[in-house]
Amino acid sequence: MNPVLKLLLEGGSLTTAQMASVAGLSVADVEQHLEQLKKDKILLGWRPVLDLSREAAAGAAVRAVIEVKVTPERGGGFNRFAERIARFDEVESCYLMSGGYDLLVFVKGPSLQKVASFVSEKLSTIEGVLSTSTHFMLRCYKEQGYLLDGGDAPTTRLNVAP
Amino acid sequence: MNPPDFIARHVAALPKSGIRDFFELVAKLKGQDVISLGVGEPDFVTPWHIREAAIFALEKGKTYYTSNLGLIELRRAVSDYVGKHFGISYRPEDQVIITVGVSEALDLACRAFINPGDKVMFHQPCYVSYSPSVVLAHGHAIAVPTYAKDNFALTAEALRAAWQPGARMLMLNLPCNPTGGTCTREQLEKIAEFAREKDLLVLTDEIYSELTFDGTHTSIASLPGMAERTIFLHGFSKAFAMTGWRIGYACGPAPLIDAMMKVHQYSMLCASIIAQEAALEALLRGWDDVLRMREQYHRRRDLIVRRFNEIGLKCHSPRGSFYAFPDVTATGLSEKDFATNLLTSQKVAVVPGIAFGENGKGHVRACFATSYEQLIVACDRIERFVQKK
Ligand SMILES: Cc1ncc(COP(=O)(O)O)c(C=O)c1O
Numbered sequence: 314m315n316p317v318l319k320l321l322l323e324g325g326s327l328t329t330a331q332m333a334s335v336a337g338l339s340v341a342d343v344e345q346h347l348e349q350l351k352k353d354k355i356l357l358g359w360r361p362v363l364d365l366s367r368e369a370a371a372g373a374a375v376r377a378v379i380e381v382k383v384t385p386e387r388g389g390g391f392n393r394f395a396e397r398i399a400r401f402d403e404v405e406s407c408y409l410m411s412g413g414y415d416l417l418v419f420v421k422g423p424s425l426q427k428v429a430s431f432v433s434e435k436l437s438t439i440e441g442v443l444s445t446s447t448h449f450m451l452r453c454y455k456e457q458g459y460l461l462d463g464g465d466a467p468t469t470r471l472n473v474a475p
Numbered sequence: 064m065n066p067p068d069f070i071a072r073h074v075a076a077l078p079k080s081g082i083r084d085f086f087e088l089v090a091k092l093k094g095q096d097v098i099s100l101g102v103g104e105p106d107f108v109t110p111w112h113i114r115e116a117a118i119f120a121l122e123k124g125k126t127y128y129t130s131n132l133g134l135i136e137l138r139r140a141v142s143d144y145v146g147k148h149f150g151i152s153y154r155p156e157d158q159v160i161i162t163v164g165v166s167e168a169l170d171l172a173c174r175a176f177i178n179p180g181d182k183v184m185f186h187q188p189c190y191v192s193y194s195p196s197v198v199l200a201h202g203h204a205i206a207v208p209t210y211a212k213d214n215f216a217l218t219a220e221a222l223r224a225a226w227q228p229g230a231r232m233l234m235l236n237l238p239c240n241p242t243g244g245t246c247t248r249e250q251l252e253k254i255a256e257f258a259r260e261k262d263l264l265v266l267t268d269e270i271y272s273e274l275t276f277d278g279t280h281t282s283i284a285s286l287p288g289m290a291e292r293t294i295f296l297h298g299f300s301k302a303f304a305m306t307g308w309r310i311g312y313a314c315g316p317a318p319l320i321d322a323m324m325k326v327h328q329y330s331m332l333c334a335s336i337i338a339q340e341a342a343l344e345a346l347l348r349g350w351d352d353v354l355r356m357r358e359q360y361h362r363r364r365d366l367i368v369r370r371f372n373e374i375g376l377k378c379h380s381p382r383g384s385f386y387a388f389p390d391v392t393a394t395g396l397s398e399k400d401f402a403t404n405l406l407t408s409q410k411v412a413v414v415p416g417i418a419f420g421e422n423g424k425g426h427v428r429a430c431f432a433t434s435y436e437q438l439i440v441a442c443d444r445i446e447r448f449v450q451k452k
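For the record, the sequence lines run as chains A and B.
So the first sequence is numbered by the numbering used here: it starts at 314 and just counts up by one.
So the second sequence is numbered by the numbering used here: it starts at 64 and just counts up by one.
If you're looking for bench data, these hints aren't it; they were derived computationally from the structure.
Just so we're clear, the structure is a prediction, and the values are computed from it rather than from any experiment.
Nothing false has been slipped in among the hints.
Here are the computed lysine-lysine pairs in the DSSO-like style, where the Cα-Cα straight-line distance is at most 30 Å: (1) B/K410 - B/K424; (2) B/K123 - A/K455; (3) B/K424 - B/K452; (4) B/K377 - A/K319; (5) A/K435 - A/K382; (6) B/K147 - A/K319; (7) B/K424 - B/K91; (8) A/K435 - A/K421; (9) B/K451 - B/K93.
Generate coordinates for the entire structure from the input sequences, incorporating the hints supplied.
Here is the structure:
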């Protein structure tokens, strides 16, 4: 496996220079690996993981998950719907699901009204959409692997031990 | 009466661990930006599912003593685990005892098997408790040197050279704290042959065995004719990141485990039931965590060994454990001065090799169970220190 991809998958946030040091590569090598990952469309981009309940980060703080049922089309299946829905700026993530509904759509908006009108005016009016069920998120406890209460207390490991 | 006169002579004569002195020194720098490579434990917290199993046990009211040997479910899991990973088969009913860490198992073995004056061989540099455990059981400890030129593997030749009449026991720790040294199967076979020839009981502390990075780990207990003269010690502290739980085990021939059980029964009674429940979860569902942590240690090892050699501190690549043991003589400093000056001038703590016995001279122990970021900075600081020298 690409050594840089391995480090990325560990989920830390090493700088390019640190990755070089850990993997025993030059900085230029690491950059080239990153370029390659982008070219291969494996690495899509970088985003910070924020606690959106904090004032400073709360720019567009209303988030919802929407379960969408659609009638699959002959030929296109679910893909055409999913790709179309995914293109809206409000949509952060969009997945095809097994089970009681077809698409699970994560949306974000500046206010409850904005998200609600996106659902009623854009999403549910797409031809073939049978129903939507919108769940607003009330509180976040863990965001993409990070615990919001900080998780474990600072380490109490002794500095010197046998 | 002068209070110190109450202290038993063999305890009064026992030196305090060299680690202790260094600990005090580091403690003085509290509040400063010290990066410690002086630890002997994982930086990972115990995986959550293991912690959660302990919480669940408490919720269910598991707050009682267990049988002296430990929970039978845990002994069964230990037996399966040791069978699968080490290829040795022990009966959970009478060949496994759950202890308060390998530390207690070591003490039990010394007290159960050493008569006053018996000689016990162990390789050195080694874990700080070995020689004291023997001395506290009124035994006589014989250090067998291991050398940097052999990557600190124990050789049968060194054993033969150090052997004395009256030797009854041989203590092994492979991979080794502090050197990371291990033995190949061939080397182990020679050691086993020596043990059989001299009729020695072998005490093998394999606490770092899961953290073997190159090749596979072989236990001396799995070699032909060895299980009957070997006590296998293992625990959860290192591979499962469970140091604070104080839980480990010993496996061996039933009469020997029974003898250890007698001492355990009258001293410790049993290991904490909460720790036993957590250990059971670790064995049943913790292997992926072990692999995940091992992969990181592996990468960190490669990083620190490469950096030490770049810096000019000759360092063999430890096949196992999470310790690097570089030679610092090229700096012209003793290991003690190296460690002390490095600490005061660059705020990096390493442990002088002499803390692990005479044969650790000229080396320091640097534990790489710490984050990539910290390791990188620590190595840069060590480089600055060596260049200024
Ligand atoms: C070689 C060796 N044996 C035993 C121990 C103690 O292990 P436990 O935590 O299981 O008592 C250590 C801990 O540093 C060690 O390095």
